[in-house]
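Asks: Chains as they are written, first to last, in my numbering: chain A, 1 to 302; chain B, 1 to 292.
Because the hints were derived from the structure by calculation, they are not lab data.
Be aware that one or more of the hints could be misleading.
A few chain A positions that, by computed beta-carbon distances, are all more than 10 Å from chain B [claimed, not checked]:
#1 Ala2
#2 Lys23
#3 Leu33
#4 Trp48
#5 Gly52
#6 Pro64
#7 Gly78
#8 Val79
#9 Ile91
#10 Arg128
#11 Trp140
#12 Ala143
#13 Arg168
#14 Phe172
#15 Val191
#16 Cys226
Here are a few chain A residues that face chain B, going by a calculated C-beta distance under 8 Å [to be verified]:
#17 Leu63
#18 Leu171
#19 Leu176
#20 Thr212
By construction, the Cβ of each residue, glycine as well, lies at the ideal position given by its N, Cα and C atoms.
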Amino acid sequence: MANLPQHAGREAVRTKGWLRAHKWLILRRISQLGILAAFMAGPWLGLWIVKGNLASSLTLDVLPLTDPYILLQALVSGVSPETTAFVGAAIVLVFYSLVGGRVYCSWVCPVNLVTDTAGWLRRKLGIRGGSQTSRSTRYWILAMTLVLSAITGTIVWELVNPVTITLRALLFGTALAWMLVLGVFLFDLFVTHDGWCGHYCPVGAFYSLLNTWAPLRVTAAKREACDDCMDCFNVCPEPQVIRPALKGADKGVGPVILANQCTNCGRCIDVCAKEVFRFGSRFSNDPKTGVDNVKQIQAIGS
Amino acid sequence: MAETHDDKKGISRRQFLSTTLKTACSVTLMGVGLGFYAQRANALPPLAIRPPGALPENDFLGACIRCGLCVRDCPPQILSLGQLGDDIPTGTPYFIARTGPCVMCEDIPCVKACPTNALDHSLTDIEKARMGLAVVVDQENCIAFQGLRCEVCFNICPLRGDAITLEYRHNPRSGKHAFFIPVVHSDACTGCGLCEKACILEKAAIKVYPIEMAKGELGHHYRFGWKEKAKAGHALVTPDVKHHYNLPEGVRYELQGKGLIFENQKAQPSSGEVPFPSNPLQSLNRKRKESE
Numbered sequence: 001m002a003n004l005p006q007h008a009g010r011e012a013v014r015t016k017g018w019l020r021a022h023k024w025l026i027l028r029r030i031s032q033l034g035i036l037a038a039f040m041a042g043p044w045l046g047l048w049i050v051k052g053n054l055a056s057s058l059t060l061d062v063l064p065l066t067d068p069y070i071l072l073q074a075l076v077s078g079v080s081p082e083t084t085a086f087v088g089a090a091i092v093l094v095f096y097s098l099v100g101g102r103v104y105c106s107w108v109c110p111v112n113l114v115t116d117t118a119g120w121l122r123r124k125l126g127i128r129g130g131s132q133t134s135r136s137t138r139y140w141i142l143a144m145t146l147v148l149s150a151i152t153g154t155i156v157w158e159l160v161n162p163v164t165i166t167l168r169a170l171l172f173g174t175a176l177a178w179m180l181v182l183g184v185f186l187f188d189l190f191v192t193h194d195g196w197c198g199h200y201c202p203v204g205a206f207y208s209l210l211n212t213w214a215p216l217r218v219t220a221a222k223r224e225a226c227d228d229c230m231d232c233f234n235v236c237p238e239p240q241v242i243r244p245a246l247k248g249a250d251k252g253v254g255p256v257i258l259a260n261q262c263t264n265c266g267r268c269i270d271v272c273a274k275e276v277f278r279f280g281s282r283f284s285n286d287p288k289t290g291v292d293n294v295k296q297i298q299a300i301g302s
Numbered sequence: 001m002a003e004t005h006d007d008k009k010g011i012s013r014r015q016f017l018s019t020t021l022k023t024a025c026s027v028t029l030m031g032v033g034l035g036f037y038a039q040r041a042n043a044l045p046p047l048a049i050r051p052p053g054a055l056p057e058n059d060f061l062g063a064c065i066r067c068g069l070c071v072r073d074c075p076p077q078i079l080s081l082g083q084l085g086d087d088i089p090t091g092t093p094y095f096i097a098r099t100g101p102c103v104m105c106e107d108i109p110c111v112k113a114c115p116t117n118a119l120d121h122s123l124t125d126i127e128k129a130r131m132g133l134a135v136v137v138d139q140e141n142c143i144a145f146q147g148l149r150c151e152v153c154f155n156i157c158p159l160r161g162d163a164i165t166l167e168y169r170h171n172p173r174s175g176k177h178a179f180f181i182p183v184v185h186s187d188a189c190t191g192c193g194l195c196e197k198a199c200i201l202e203k204a205a206i207k208v209y210p211i212e213m214a215k216g217e218l219g220h221h222y223r224f225g226w227k228e229k230a231k232a233g234h235a236l237v238t239p240d241v242k243h244h245y246n247l248p249e250g251v252r253y254e255l256q257g258k259g260l261i262f263e264n265q266k267a268q269p270s271s272g273e274v275p276f277p278s279n280p281l282q283s284l285n286r287k288r289k290e291s292e
C-alpha cells in the first residue's frame with residue numbers, strides 16, 4: 001500500500017491535478033523568492049523596499065524587523081541595544097506566535113530552498129540511511145550558543161549562521177559563503193535526511209519554541225480517509241510530528257498537529273490524494289474526529 | 001507482564017540517558033570549537049576601521065546584529081561587511097581608510113541606521129568620533145621629513161590645524177631651509193582616514209590605526225615634576241633652595257637673566273683671563289691637562 005518515497009505526491013497529482021497538488025509549495029516558493037527579491041531589489045536594482053537582512057531590516061523606511069534569537073544573543077552577551085531593535089523583535093515575535101514559529105523556516109528562510117532541493121533530490125535518487133542524530137540536538141545547540149554568547153560577549157552564532165550568511169552572500173556579495181551553502185546541501189543530500197534544519201539549526205529551534213501556542217495549525221481533519229500511502233511522511237521535513245495527529249484517533253488524540261517542530265509548510269496537504277490535511281486552528285481539535293461511528297457510540301455508551 | 005514492562009522502561013531510560021549524554025557531549029565539543037573559532041575570528045586586523053560611534057570592540061561584537069543597515073545608509077558607500085573566511089568577524093561593518101575613508105557626514109546616517117546602538121546613538125557631532133588615530137608611521141619615507149613641501153595630509157584633514165598641525169623645524173641638510181612636519185593630535189583626530197587616502201606615496205606614510213594600538217600609555221606611577229609643581233603651586237619633592245654659586249667675591253649669577261653680573265669694576269676680569277668661558281662646551285670639553 002505504501003508508496004515509494006520517490007513517488008510521493010504522484011497519486012495526488014493524478015486525483016487532484018498538478019496545480020492543486022502543488023498549491024502550498026508554489027505559494028511557499030512565491031513567498032520565499034518574493035522576500036529574497038524584496039531584499040535584493042535594493043542592491044541589485046536600486047529599488048530600496050527592504051534594507052538590511054534577516055538579522056535586522058527596515059522595510060519602506062518604517063517597519064523595523066529584528067530576529068529575536070540574534071537579539072537574545074546580543075542581550076546575554078551583556079549589551080543594551082537601542083529600542084528600535086526591541087520593537088523589531090517584538091513585531092517578529094507576535095507575528096510568528098500567531099502564524100506558527102517555524103513558518104519562518106518554510107516560508108521565509110533562504111536555506112529552506114537549498115535543503116528542500118536536497119531533500120527532493122534525496123527522494124528521487126533513493127538515498128537512504130545516514131547518520132542517526134537526535135532531532136533534539138538543535139535545542140542543545142540553541143542553549144550552547146546562548147551560553148557561549150554570554151561567555152565570549154559576542155553574538156556567537158552569527159559567525160557561522162547559514163541563514164543570514166546565505167542572504168548576506170546574495171545582498172553584499174561574497175565567495176566563501178557559497179561553500180557553506182554547498183556544505184549544507186551535501187550534508188542534507190548524503191548524510192542525514194533533513195539534516196541541517198531538522199537536527200542542528202538553532203534558529204529553527206528558537207522559532208519552534210514560538211510555535212508552542214500558535215493558533216494556526218495543520219490538521220488531519222479527515223484522518224479516517226488515510227490509506228497509509230506514506231506520501232505525507234515521505235515529504236514532511238519533520239515526519240515525527242504527523243503520527244500523533246494522523247494516527248491518534250484510537251488513543252483519544254485530536255487531529256491537529258500540535259508538535260512545535262511542524263513548519264506549517266503545507267506540503268502534506270498538497271501530496272495527500274485523500275485530502276486528509278488542511279490548515280485549521282488549534283482550537284478545533286476534537287479527539288473524536290475520525291473515530292468511526294461504532295467506536296464513538298461505544299465510547300459514549302461506556 | 002509487569003516485569004517486561006519494567007525491563008522495557010529500564011532500557012528506554014538507559015537509552016534516553018545515553019542519547020542525551022551523547023548529544024550533550026557532542027554539542028559541548030562543538031561549543032568549544034565554536035568558542036575557539038570565535039576568539040580567532042573576532043580579532044580585528046588593524047587596517048579594518050569600524051564606522052563612527054562604534055562601541056569598544058568587545059562591546060561592539062555583542063551589540064552589532066550584523067544587519068548591514070549602516071552599510072546601506074553610508075552615502076559614499078565605503079562600508080563593507082566582514083565575510084565568512086575574512087579576518088573580520090562575519091557580518092560586521094568596517095572600512096579600509098586607504099581605499100575608502102570616512103567622509104565625516106554631518107548627520108552621521110550610519111549611526112542613525114543602527115538598530116542596536118552598536119554604533120552609539122549618543123554620537124551626534126561627527127568631530128567627536130574616534131574611529132581610530134592617524135599616525136605618521138613612516139618618517140623615513142614621508143617626504144616632509146626630507147625637507148620637501150607636501151602637506152597633503154594636513155590640507156585634506158577635515159580638522160586641519162587641530163587634528164594635524166605642521167611643525168616648523170630647521171633643516172640641517174641645507175642649512176637654510178625648513179621642515180614642515182605633519183603632527184597628529186589625538187585630542188582632535190577622528191580617525192576618518194582621509195589623510196591616509198590622500199598620502200601621495202606608493203604606500204601611505206600616514207596610517208589610521210585603532211586607538212588602542214596607536215596610543216602609548218605612561219606608567220601610572222609616573223609624574224612630570226613641572227606639571228605637578230604647576231598643579232600644586234610649589235615643588236613637591238624638595239623645597240626650592242636658592243642655588244648657591246661658588247663665585248669670586250663681587251660676582252653674582254642670575255639664572256635666566258643676564259648671567260654673570262660683576263658688581264664692581266674690580267671684579268671685572270681683564271681680557272685674556274676670563275674665569276668662565278662664554279661657551280659652556282669649552283669648559284665641559286676641557287682636556288685633563290688643562291683642568292689640572
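Asks: To test your reading of the hints: which numbers does this structure violate?
Replies: Per hint list: 4, 5, 6, 7, 8, 11, 12, 13, 14, 17 and 20 violated.
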